[in-house]
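Engineer: Chains as they are written, first to last, in our numbering: chain A, 1 to 783; chain B, 1 to 206.
These aren't lab readings, by the way, just hints derived from the structure by calculation. Fair warning: this is a prediction, and the values are worked out from it, not measured in the lab. Note that the Cβ used here is the ideal one computed from N, Cα and C, for glycine as well. Please note that the accuracy of each hint is not assured.
Negatives, chain A to chain B, calculated, CB over 12 Å [what the hints assert, rightly or not]: (1) Tyr-10; (2) Trp-18; (3) Leu-66; (4) Thr-145; (5) Ile-167; (6) Arg-188; (7) Thr-200; (8) Met-233; (9) Val-504; (10) Leu-628; (11) Gln-739; (12) Ile-764.
Here are the simulated DSBU-like cross-link-like pairs (lysine-lysine), alpha carbons at most 30 Å apart as the crow flies [said to hold, decoys possible]: (13) Lys-50/B - Lys-109/B; (14) Lys-76/A - Lys-346/A; (15) Lys-196/B - Lys-319/A; (16) Lys-379/A - Lys-328/A; (17) Lys-143/A - Lys-50/B; (18) Lys-285/A - Lys-379/A; (19) Lys-143/A - Lys-139/B; (20) Lys-157/B - Lys-143/A; (21) Lys-143/A - Lys-196/B; (22) Lys-76/A - Lys-109/B.
Here are the simulated distance ranges between beta carbons [said to hold, decoys possible]: (23) Ala-83/A - Ser-191/B: 30 to 38 Å; (24) Ala-83/A - Asp-117/B: 51 to 59 Å; (25) Asp-39/A - Ala-101/B: 47 to 55 Å.
In case you want the letters, here they are:
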Amino acid sequence: MTHLLDIRNYSISKKLTWMNMLVSAAALLLACGGFCAYDLYSFRDALVRNVSIQAQIIGENTASALLFDDPHSAEKTLSALGANRHLIYAQIYTHDGQPFAAYWREGARQALPLPIIPSGQTQIHWFRGGHLGLARSIIFEGKPTGIVYISSDLGAMNDRLKSYAVIIAVVFLASLVVALLISRISQRVISEPVMQLAQTVHIVSQEKNYSIRATTNLNRDEVSTLIESFNEMLEQIQQRDGALQQAHDELEQRVRERTTQLAVANKELDLRNREVERATQMKSKFLASMSHELRTPLNAIVGFSDLLAEGTPGQLNDKQKRFVNHIKQGSTHLLQLINDILDLSKIEAGQLELRSEEFLVKDTLPEVLSTIHPLAMAKNIRVEQKVESSSLVKADRVRFKQILYNLLSNAVKFTPKGGMISIDCVDVQDFVRVSVADTGIGIRPEDQKVVFEEFRQIEGSADRAQEGTGLGLAITKRLVEQQGGQISVASELGKGSRFTFTLVAAEPTAKVRPVVEPAMSAMVTPSSRLIPLVLIVDDEGPARELLASYLEPEYRVVMAESGAEAVKKAQQLRPDAITLDVLMPGSNGFETLAALRKNSETANIPVIILSIVDQKQVGFALGAADYLIKPVRKPALLEAIRRHVPSPADEDSSILLVDDDPKALELLAEALRSAGYETQAVRSGTRALEVLANKVVGAILLDLLMPGMDGFQVIRHVRQEAAFRELPILVMTAKNLSQAEIALLNRETQGLLQKDGSWKEQLIAEVGRVVRGHSLAKSAGQP
Amino acid sequence: MKYLHGTECVRRLPPGQRNWRTPAAHKMLAALAIAWGLLAVPITRAQSAKPTDYQVKAAYLYNFGRFVEWPAKVSATQTGSFSICVLGEDPFGPALDATFAGEKIGNQKVVARRISDPHDSVDCQILFISASETNRLNKIIESLDKTAILTVSDIPKFSQRRGMIQLVLDGGRIRFEVNLTATQRAGLTLSSELLKVATAVRKDRE
Numbered sequence: 001m002t003h004l005l006d007i008r009n010y011s012i013s014k015k016l017t018w019m020n021m022l023v024s025a026a027a028l029l030l031a032c033g034g035f036c037a038y039d040l041y042s043f044r045d046a047l048v049r050n051v052s053i054q055a056q057i058i059g060e061n062t063a064s065a066l067l068f069d070d071p072h073s074a075e076k077t078l079s080a081l082g083a084n085r086h087l088i089y090a091q092i093y094t095h096d097g098q099p100f101a102a103y104w105r106e107g108a109r110q111a112l113p114l115p116i117i118p119s120g121q122t123q124i125h126w127f128r129g130g131h132l133g134l135a136r137s138i139i140f141e142g143k144p145t146g147i148v149y150i151s152s153d154l155g156a157m158n159d160r161l162k163s164y165a166v167i168i169a170v171v172f173l174a175s176l177v178v179a180l181l182i183s184r185i186s187q188r189v190i191s192e193p194v195m196q197l198a199q200t201v202h203i204v205s206q207e208k209n210y211s212i213r214a215t216t217n218l219n220r221d222e223v224s225t226l227i228e229s230f231n232e233m234l235e236q237i238q239q240r241d242g243a244l245q246q247a248h249d250e251l252e253q254r255v256r257e258r259t260t261q262l263a264v265a266n267k268e269l270d271l272r273n274r275e276v277e278r279a280t281q282m283k284s285k286f287l288a289s290m291s292h293e294l295r296t297p298l299n300a301i302v303g304f305s306d307l308l309a310e311g312t313p314g315q316l317n318d319k320q321k322r323f324v325n326h327i328k329q330g331s332t333h334l335l336q337l338i339n340d341i342l343d344l345s346k347i348e349a350g351q352l353e354l355r356s357e358e359f360l361v362k363d364t365l366p367e368v369l370s371t372i373h374p375l376a377m378a379k380n381i382r383v384e385q386k387v388e389s390s391s392l393v394k395a396d397r398v399r400f401k402q403i404l405y406n407l408l409s410n411a412v413k414f415t416p417k418g419g420m421i422s423i424d425c426v427d428v429q430d431f432v433r434v435s436v437a438d439t440g441i442g443i444r445p446e447d448q449k450v451v452f453e454e455f456r457q458i459e460g461s462a463d464r465a466q467e468g469t470g471l472g473l474a475i476t477k478r479l480v481e482q483q484g485g486q487i488s489v490a491s492e493l494g495k496g497s498r499f500t501f502t503l504v505a506a507e508p509t510a511k512v513r514p515v516v517e518p519a520m521s522a523m524v525t526p527s528s529r530l531i532p533l534v535l536i537v538d539d540e541g542p543a544r545e546l547l548a549s550y551l552e553p554e555y556r557v558v559m560a561e562s563g564a565e566a567v568k569k570a571q572q573l574r575p576d577a578i579t580l581d582v583l584m585p586g587s588n589g590f591e592t593l594a595a596l597r598k599n600s601e602t603a604n605i606p607v608i609i610l611s612i613v614d615q616k617q618v619g620f621a622l623g624a625a626d627y628l629i630k631p632v633r634k635p636a637l638l639e640a641i642r643r644h645v646p647s648p649a650d651e652d653s654s655i656l657l658v659d660d661d662p663k664a665l666e667l668l669a670e671a672l673r674s675a676g677y678e679t680q681a682v683r684s685g686t687r688a689l690e691v692l693a694n695k696v697v698g699a700i701l702l703d704l705l706m707p708g709m710d711g712f713q714v715i716r717h718v719r720q721e722a723a724f725r726e727l728p729i730l731v732m733t734a735k736n737l738s739q740a741e742i743a744l745l746n747r748e749t750q751g752l753l754q755k756d757g758s759w760k761e762q763l764i765a766e767v768g769r770v771v772r773g774h775s776l777a778k779s780a781g782q783p
Numbered sequence: 001m002k003y004l005h006g007t008e009c010v011r012r013l014p015p016g017q018r019n020w021r022t023p024a025a026h027k028m029l030a031a032l033a034i035a036w037g038l039l040a041v042p043i044t045r046a047q048s049a050k051p052t053d054y055q056v057k058a059a060y061l062y063n064f065g066r067f068v069e070w071p072a073k074v075s076a077t078q079t080g081s082f083s084i085c086v087l088g089e090d091p092f093g094p095a096l097d098a099t100f101a102g103e104k105i106g107n108q109k110v111v112a113r114r115i116s117d118p119h120d121s122v123d124c125q126i127l128f129i130s131a132s133e134t135n136r137l138n139k140i141i142e143s144l145d146k147t148a149i150l151t152v153s154d155i156p157k158f159s160q161r162r163g164m165i166q167l168v169l170d171g172g173r174i175r176f177e178v179n180l181t182a183t184q185r186a187g188l189t190l191s192s193e194l195l196k197v198a199t200a201v202r203k204d205r206e
């Protein structure tokens, strides 16, 4: 098989040679074989004849011996057979079958049994075991007288075979040599043109040179046809190759041209892009200043009308009260409208920065409901909630609240007195679905499509009191969609509407599931609040225990083993300080610090890093309050904690109000005073610093946009002073803040208030929080 | 053993016959061979009984006739039978007639004649001179001089006394001596084959 395969891979000339050789050899072998067979056959005949003649002669020469019972004479006659060396054995039997005389070529042998000659025959012969046996009747004068039996070996035949073998071998080899020579020469007639063609093909395919032609021979056979066809094919390929090359060149030229054009176009586009960018920047700048310029006077209007309505400056009569309420409602609406327009344009401009936080819907509800409840109660509307979702939503928490608030306030608006609003929240696969349903006036089917478009308000509503900017749902829709969700409405006129939106559920991870543990909450009781609480974060138990032993009993201590736990506990317990290890498995100290800073609830808690690695730069950059290298000695630790955690000392709790707008100052002062705070108002940053240098204050309430030294500069100056590093600063602004500014404020200040809508309650709550946090003693006394 | 001889033959059929391929042919051959074997048994037995000396001698007389040529005129004058005569007392008994019965030499039927007078031997081709004639042997020989009659006898020194063939007993076998001078005188030609098997061939110097 392998041999065959080898032959298959031979060149054509070899194959042809082989074929010729094989044919010659086969023919020769057949011829020799046939000749030998014939010759051996005739030789055998001759041998039989020869032996037969000898038998006859012996018979004739031994007849007298037989007749006269003279075996000796017969043996003498037989001994003459010794001349034929191939005769092995001869024996004469009497007519009645008795052995009479015998001859053996070598040695004495046993007499062989008499072969039977069938009647009517005088002689039989047979070949057996390499011997020729022949038996012949001895007939004397027509009468059977005896039988002669001769056995001859086939040596003669073997000799002949041997000589034949030699002759055949010689002839065979000689013929093969001649055949080889002839076929070597004759196969060229076929193989040479084929091989030349193959070589040409090889060259063409290797060099890709289609101008080469295979040489044609003079023969008119299939090979020459093949060569001609091949040449024709090459011709065609060459032509096509040329055409292709030309097309390729043209294409390249065209590509070059296009590239040049494209470059020009790109340049233009770039220019235009820059223009657009500049326009966008200008637009956002305009928006920012607009928001400030519009909000500032509006805040004054809203604030003062509030104060007037509450009767702070003195009781108003009914008519005045009604007018003030009109002013208040109008200005609130206007403020809301401005806020919405700003929101919308921010969204349109792609400037809305959405944070990705994970939280439970359930946790956000109370906050939203607390603002909705008063509105609902005013109209005697029942608000039900059915929150079955246990999934974390992945969204911007503030914006989520805004969505929910918009839908709820919408529902309140369009629900007649005594109606009902219900909030549902369920998990649907990877989403959390929140629905707000009301029993309001409903929306006509044709209106349902446009309800989410800007400045659309359902017309023909019976109650003209329904007021709104017409932007709430448009903003809501965009907020939902920008966070990967969908919003839809289902409604029946006169029966109510149901707004449903979905938001992406977060991967359920155990680490940030803010489950409030009752035991933990129990620890934070007002009485225990008097002793400052320190959260010790370290992954090593002994280290925690050591630190705890340093701090107790001067401070209360809670511990966390990991960054995640630390963040959770910080949120729940609001400790007065945190000691944080850096090298921890999972989220390390720096990451934990960043997480704490990011969360507005924990951003203000001073964090003291305790680490064996000296990376103060990183630590402080991330907003660490202090950085101590382990091992930490007890005095050093206590000193650091004392520096950042104000001991319940007697401090002035007056609030320093800084704003360039006297109306705003008056408004704030009035509002805070009504909440029981003392205030001091200054109209510039410089002035504020002067006051700080002379007087101890409980907190600063700071406007950002001021002529001269602005709010950021004030913060920087205040924080530079070691004495004021812990002084709470609340920022209150109408400015549209960038992410970086928010981050800075988060780091450096204790609260950020937007001058909009229901700022007053928020202000008082925030001030209360920071002042309480800053001065525990005083906070205990606050209402 | 003799019985088995036949069956052995079946087994030893010559291979030359083997190219009779058909089984039927094989069977037929076997049957033939067995039949031959069965038939051969009684014959071989009968012949295996050792023949008496005179039975052998009778056969010899007949065989001499086949190796000797008589002059042509003698043969021509014959009446058509080949006479083997016994002179004197017949020692053969019935063996002579039994041996010659149905035999021929050339075209002539072999007959046995018993004579007492040498002159009666004119028609004889072979004359056996019985031992009873020992005393008058010379006379008898002389009377036969120049007649083409082959003289045979078992009288001692017969060949030395110008007898032609003397039968002798040699180691249990019957052999013969030839007096070539005597046969030549009588004009008889003895075959070289005959001379080859003779124990002695005499040539008397005349």
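Engineer: If a hint holds in the structure, say so; if it doesn't, say that too.
Structural biologist: Status of each hint after checking the structure:
The beta carbon of Tyr-10/A sits about 48 Å from the closest Cβ of chain B, which is more than 12 Å, so the claim that it is off the interface holds. Against chain B, the non-interface label of Trp-18/A holds: every CB pair exceeds 12 Å, the least being about 42 Å. The Cβ of Leu-66/A sits about 9 Å from the closest Cβ of chain B, inside the 12 Å cut-off, so the non-interface label is violated. Remark: the non-interface label on Thr-145/A conflicts with the geometry, its nearest Cβ contact in chain B lying 10 Å away (cut-off 12 Å).
For Ile-167/A, the requirement that its beta carbon stay farther than 12 Å from each beta carbon of chain B is met, with the minimum near 30 Å. Distance check on Arg-188/A: its Cβ is at least 53 Å (rounded) from any Cβ of chain B, clearing the 12 Å threshold; non-interface status holds. At roughly 65 Å, the least C-beta separation between Thr-200/A and chain B is larger than 12 Å, which holds for a residue marked as non-interface. Residue placement check: Met-233/A keeps its beta carbon more than 12 Å from all beta carbons of chain B (closest about 66 Å).
Remark: the non-interface label on Val-504/A is consistent with the geometry, its nearest Cβ contact in chain B lying 100 Å away (cut-off 12 Å). The claim that Leu-628/A is not at the interface with chain B holds, since no C-beta of that chain comes within 12 Å of its own (minimum 121 Å). No Cβ of chain B approaches the Cβ of Gln-739/A within 12 Å, the least distance being about 115 Å, so the stated non-interface status holds. Ile-764/A, annotated as away from the interface, keeps every beta carbon of chain B farther than 12 Å; the closest lies near 134 Å.
Taken as a hint, the Lys-50/B and Lys-109/B pair is honoured in the structure, with Cα atoms around 27 Å apart against an allowance of 30 Å. Of the pairs offered as hints, the one joining Lys-76/A and Lys-346/A is violated, with about 147 Å between alpha carbons and a cut-off of 30 Å exceeded. For a cut-off of 30 Å, the pair hint linking Lys-196/B to Lys-319/A is broken: about 191 Å separates their Cα positions. As the CA atoms of Lys-379/A and Lys-328/A are separated by approximately 19 Å, the hinted pair is consistent with the 30 Å bound.
Of the pairs offered as hints, the one joining Lys-143/A and Lys-50/B holds, with about 22 Å between alpha carbons and a cut-off of 30 Å not exceeded. Distance restraint check for Lys-285/A and Lys-379/A: the Cα-Cα separation of roughly 41 Å exceeds the 30 Å cut-off, and the hinted pair is therefore not satisfied. Taking the CA atoms of Lys-143/A and Lys-139/B, the gap is about 38 Å. The hint is violated against a cut of 30 Å. Pair hint Lys-157/B plus Lys-143/A does not hold up; C-alpha atoms about 33 Å apart against a cutoff of 30 Å.
Distance check on the hinted pair: Lys-143/A and Lys-196/B sit about 20 Å apart at the alpha-carbon level, within 30 Å; holds. Our distance criterion of 30 Å between C-alpha atoms is broken by Lys-76/A and Lys-109/B, whose separation comes to about 33 Å. In this structure the supplied range 30 to 38 Å is violated for Ala-83/A paired with Ser-191/B, their Cβ-Cβ distance being about 24 Å. Taking the beta carbon of each, Ala-83/A and Asp-117/B are about 54 Å apart, inside 51 to 59 Å as hinted.
Between Asp-39/A and Ala-101/B the CB atoms are about 53 Å apart, so this pair conforms to the stated range of 47 to 55 Å.
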